[in-house]
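Student: Listed here are the chains, written in short residue letters.
Protein chains: 2
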Amino acid sequence: MRIALFGYGNVGRAVARLLESRRMHLERIGLYPKLVAVADSRGVAVNPRGLDYWKLEEVKLSKGSVGFYPDYGRIGVEAIEIISDRLIDSDVLIEVTPTNIVDGEPGLTHIREALKSGLHVVTANKGPLALAMPSLLELARHSGRELMFSGTVGGGTPFIRFAEKCLAGDRILGLEGVLNGTCNYILSAMEGGLSFKQALEEAQRLGYTEADPSMDVDGWDTACKIVILAVHILGIRVTLRDVAVKGIREVTEECVLEACRRGATIKLLGSIDSEKRIASVSPVEIPRNSPLAVPGNLNALMFHVEDLGDVTVIGRGAGGVETANAILKDLVELKQRLQSKGI
Amino acid sequence: MRIALFGYGNVGRAVARLLESRRMHLERIGLYPKLVAVADSRGVAVNPRGLDYWKLEEVKLSKGSVGFYPDYGRIGVEAIEIISDRLIDSDVLIEVTPTNIVDGEPGLTHIREALKSGLHVVTANKGPLALAMPSLLELARHSGRELMFSGTVGGGTPFIRFAEKCLAGDRILGLEGVLNGTCNYILSAMEGGLSFKQALEEAQRLGYTEADPSMDVDGWDTACKIVILAVHILGIRVTLRDVAVKGIREVTEECVLEACRRGATIKLLGSIDSEKRIASVSPVEIPRNSPLAVPGNLNALMFHVEDLGDVTVIGRGAGGVETANAILKDLVELKQRLQSKGI
Numbered sequence: 001m002r003i004a005l006f007g008y009g010n011v012g013r014a015v016a017r018l019l020e021s022r023r024m025h026l027e028r029i030g031l032y033p034k035l036v037a038v039a040d041s042r043g044v045a046v047n048p049r050g051l052d053y054w055k056l057e058e059v060k061l062s063k064g065s066v067g068f069y070p071d072y073g074r075i076g077v078e079a080i081e082i083i084s085d086r087l088i089d090s091d092v093l094i095e096v097t098p099t100n101i102v103d104g105e106p107g108l109t110h111i112r113e114a115l116k117s118g119l120h121v122v123t124a125n126k127g128p129l130a131l132a133m134p135s136l137l138e139l140a141r142h143s144g145r146e147l148m149f150s151g152t153v154g155g156g157t158p159f160i161r162f163a164e165k166c167l168a169g170d171r172i173l174g175l176e177g178v179l180n181g182t183c184n185y186i187l188s189a190m191e192g193g194l195s196f197k198q199a200l201e202e203a204q205r206l207g208y209t210e211a212d213p214s215m216d217v218d219g220w221d222t223a224c225k226i227v228i229l230a231v232h233i234l235g236i237r238v239t240l241r242d243v244a245v246k247g248i249r250e251v252t253e254e255c256v257l258e259a260c261r262r263g264a265t266i267k268l269l270g271s272i273d274s275e276k277r278i279a280s281v282s283p284v285e286i287p288r289n290s291p292l293a294v295p296g297n298l299n300a301l302m303f304h305v306e307d308l309g310d311v312t313v314i315g316r317g318a319g320g321v322e323t324a325n326a327i328l329k330d331l332v333e334l335k336q337r338l339q340s341k342g343i
Numbered sequence: 344m345r346i347a348l349f350g351y352g353n354v355g356r357a358v359a360r361l362l363e364s365r366r367m368h369l370e371r372i373g374l375y376p377k378l379v380a381v382a383d384s385r386g387v388a389v390n391p392r393g394l395d396y397w398k399l400e401e402v403k404l405s406k407g408s409v410g411f412y413p414d415y416g417r418i419g420v421e422a423i424e425i426i427s428d429r430l431i432d433s434d435v436l437i438e439v440t441p442t443n444i445v446d447g448e449p450g451l452t453h454i455r456e457a458l459k460s461g462l463h464v465v466t467a468n469k470g471p472l473a474l475a476m477p478s479l480l481e482l483a484r485h486s487g488r489e490l491m492f493s494g495t496v497g498g499g500t501p502f503i504r505f506a507e508k509c510l511a512g513d514r515i516l517g518l519e520g521v522l523n524g525t526c527n528y529i530l531s532a533m534e535g536g537l538s539f540k541q542a543l544e545e546a547q548r549l550g551y552t553e554a555d556p557s558m559d560v561d562g563w564d565t566a567c568k569i570v571i572l573a574v575h576i577l578g579i580r581v582t583l584r585d586v587a588v589k590g591i592r593e594v595t596e597e598c599v600l601e602a603c604r605r606g607a608t609i610k611l612l613g614s615i616d617s618e619k620r621i622a623s624v625s626p627v628e629i630p631r632n633s634p635l636a637v638p639g640n641l642n643a644l645m646f647h648v649e650d651l652g653d654v655t656v657i658g659r660g661a662g663g664v665e666t667a668n669a670i671l672k673d674l675v676e677l678k679q680r681l682q683s684k685g686i
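If you're matching them up, the sequences are chains R and E in order.
The opening position of the first sequence corresponds to residue 1 in the working numbering, with each subsequent residue numbered one higher.
The opening position of the second sequence corresponds to residue 344 in the working numbering, with each subsequent residue numbered one higher.
Please note: incorrect hints may appear among the correct ones.
Claimed, not checked - Below 27 Å or equal to it, Euclidean Cα-Cα: the simulated DSSO-like pairs (lysine-lysine) are:
#	chain 1	residue 1	chain 2	residue 2
1	E	K540	E	K619
2	E	K678	R	K335
3	R	K335	E	K459
To be verified - Which bits of chain R does chain E cover? Going by a derived footprint, with three or more residues having C-beta under 8 Å, they are:
#	stretch
4	155-164
5	290-296
6	312-325
I should point out that these hints are in silico values taken from the structure, not numbers from a laboratory.
No experiment lies behind these values; they were computed from the predicted model shown.
Glycine included, every Cβ here is placed at the ideal spot set by N, Cα and C.
Let the hints inform the model, and build the full structure from the sequences given.
Tutor: Following this line, the structure appears as structure tokens:
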């Protein structure tokens, strides 16, 4: 399986590392991954005989870009040229460039062009899916290629796979989730007496959030995940524009402590009502003994299922390693799907 | 798919009802179930052209046994004779007679003879699995037949399927679970100030436990589930005899309230340590914000997973309808497995 990897930040590097460290395990199940192209924002490295993980790490750490890869690196070349100029033949694109919810770029073009060029796509990039998921799935179907994205929601915690595999055939009436670890960390810290500002600073100090925390605290990260779940799990055609989004900036210390006194807790919940076809993100007060009342930076997703009642999955949210793990599982499943089609 | 159904209590009747009400849905996915034999403790009904659900219900409710089924019922005939005397040709045995953890009977003999006679088996009966799971799986493999049991743990909540499908390829270091809804209900009620005895009486009044509550409150039901998880999910060859079991009879009101004051809660936990290969059941004090601290009669199962951390699934425990739902899903998966083998 010849792999092109676009994005060489936290997640991209963790993917390359896992492909290296799990090589023997993957080969045992018939998956022979070969990293033939890697791109970051400054350059690319391309070698049909495969790129060496340790060399990639070395040039990334010492010079700041994979474009400095000896002999096979090129600075100033954009990732998309690998596909559009057919710099190399590959089977799968792993797309893990940063999420951009304004226009989805560069990920959106990467995914579109890859599918059109006959590549399967595995991505953890929420932007393109949040903005254009129905049309991307349509394009994948039309191209006869797979588009996989289990790392977009919950990182390593298999929320999406749970719905696909364990609730197949069940009627899901709706779902609600705590899907952003940073917000959950901040709200939990506020229960300990910190103000929103203090809690946010602590989250930033711990590396839980970006310099610009807007994606997290204004609810956009949660909204992206809600769109992906709505389209993929519930079959509701929505994009980010259809979600009513409210973040946690206006949640005061007093609100939080008042909820505590009532035996409740405030969580940023993303939710979808299948009947009414409504998706929203908002801080909500829930009882402290609800399965959704998870502490710290945990994530939780509750499905309302006909006949079964509420079923909840809880686990760590996104992180480089966890997300890379989800991407690897998608690769394994891709391999199995291709095998079952006799490819 | 010609089905023999052994056991016509809560679960058995719910299975028959679901087969009837979901008929169109099942046929759409290529599954044509035909109930050709039904047995309860007093008699059998056998008809190669299929038994009618409404007639079964009528004779069960009015006369107490399916053996009174008009024309095709026989009182005093034992279920096993359907298989051993080949009263009828069938493809699958659904075994839902009551759990017996002393010798596993009559379920154990039913399952063994069915596998030997070339039937696939779907069961929700924990006794035979808790006492002889490794040898039953061996027999199924040797016979080239499927033995499915996802309804034994968690009823409709897909604990087993989650581990099979969503953690495939992951290294599970151990697991811990709140697996008995009755115990959890009693311990929760004790936090409200009731004594063990009062809480047990309330559980009995609500129909959450049998007249003899020993299976639940002495930890044996949890222990059976732990054996099934240990063998199936973690590949540890244990039977009920290998599990150190302690129930909740000795948990006092004072213990429970003292734990509450410490911000903790007492739960009956079943747990398995994969490394040490130890399985046990015991009341344990856990922090109130642990995902395992579920209220009321909910069940929860936490997997400790390498690289992913703790992943928890929460949902309703066993109930007739929920368990029947799990059995139906096993039937659907059985159908799919047979199709993929070209049968």
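Student: Compare the structure with each hint and give your call.
Tutor: Checked hints:
1. K540/E - K619/E: violated (36 Å)
2. K678/E - K335/R: With Cα atoms ~23 Å apart, K678/E and K335/R stay inside 27 Å; holds.
3. K335/R - K459/E: Cα-Cα ~36 Å, so violated.
4. 155-164: holds (count 5)
5. 290-296: That given contact holds, which follows from 4 residues of the stretch 290-296 of chain R lying within Cβ reach (below 8 Å) of chain E.
6. 312-325: Satisfied; 8 residues make the cut.
Hints 1 and 3 from the earlier list are contradicted by this structure; the remaining hints agree with it.
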